[in-house]
Amino acid sequence: MAALRLPIESLLATGRVQRANALARRAPAAWGYAEVAGRFVEVTGDARLTIAAGLVLDAQRHAETVAWVAPPDSIVFPPDLAACGIDLDALLFVRPAGEEMALHALDELLRSGAFGLVVADGLSAKALGMAAQVRLAGAAQQHDAAFVVLRACGDGVSGDRGSLASLRLVSFRRRVEAGRFEIGFEATKDKRRGRSWTMVIGCEGVAGLG
Numbered sequence: 011m012a013a014l015r016l017p018i019e020s021l022l023a024t025g026r027v028q029r030a031n032a033l034a035r036r037a038p039a040a041w042g043y044a045e046v047a048g049r050f051v052e053v054t055g056d057a058r059l060t061i062a063a064g065l066v067l068d069a070q071r072h073a074e075t076v077a078w079v080a081p082p083d084s085i086v087f088p089p090d091l092a093a094c095g096i097d098l099d100a101l102l103f104v105r106p107a108g109e110e111m112a113l114h115a116l117d118e119l120l121r122s123g124a125f126g127l128v129v130a131d132g133l134s135a136k137a138l139g140m141a142a143q144v145r146l147a148g149a150a151q152q153h154d155a156a157f158v159v160l161r162a163c164g165d166g167v168s169g170d171r172g173s174l175a176s177l178r179l180v181s182f183r184r185r186v187e188a189g190r191f192e193i194g195f196e197a198t199k200d201k202r203r204g205r206s207w208t209m210v211i212g213c214e215g216v217a218g219l220g
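Read in order, the letters of the sequence shown are residues 11 to 220 in our numbering.
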């Protein structure tokens, strides 16, 4: 055992091998559109709209075309997106009358290969069943597009059950002082890295988009 210990400790010292707790904390060096391109991403929690808006803004900076599919009663407010710096003229809003029409729109958008990011807002877990997930995730991967699903808490999904998402983010908004909030998320599932990680993406002076 002593003979094995010295080489292992030497490798740890060089950084070529790291302890498990160090690996568990590792997050991407940078967060943005490049991290989600070609992936099916699920975002839940209080700051899900803020997280999605940040991805839209970064996708536009990469000259990607973006679509946002949401029901008429969605809480997303376009002027709030514009206030974040998003170009509304370059953002396609689709307001389907029902979930069946929403799925049809998502199919058309992702299969077209013309969109780098497609956000699905307000679609129930029941509507986005396994067959639909396989189909839409496959189209996103084929065209290197990001397919981002925003889920409200308590919509029937528990942890990873019933979800084929490559990346699952639980967003949070924490008050750090009077009038100041910390925004971030925990990646509870990441097929690319195989471990969970947490990232704080910034602070803001208002509660944010939601």
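You may find that some hints are simply not true.
As the list claims (entries may be wrong) - Derived EDC-like pairs (lysine to aspartate or glutamate); straight-line CA-CA distance at most 16 Å:
hint, residue 1, residue 2
1, K199, D90
2, K201, E45
3, K136, E109
4, K136, E110
Quick caveat, the hints were computed from the structure, so don't treat them as lab data.
Now the hints, each set against the structure:
The suggested pairing of K199 with D90 is violated, with an alpha-carbon distance near 29 Å, which exceeds 16 Å. Among the hinted pairs, K201 with E45 is consistent with the structure: their alpha-carbon atoms are about 12 Å apart, no more than 16 Å. For a cut-off of 16 Å, the pair hint linking K136 to E109 stands: about 10 Å separates their Cα positions. With a C-alpha separation of about 11 Å, the suggested pair K136 and E110 falls inside the 16 Å cut-off, and the hint holds.
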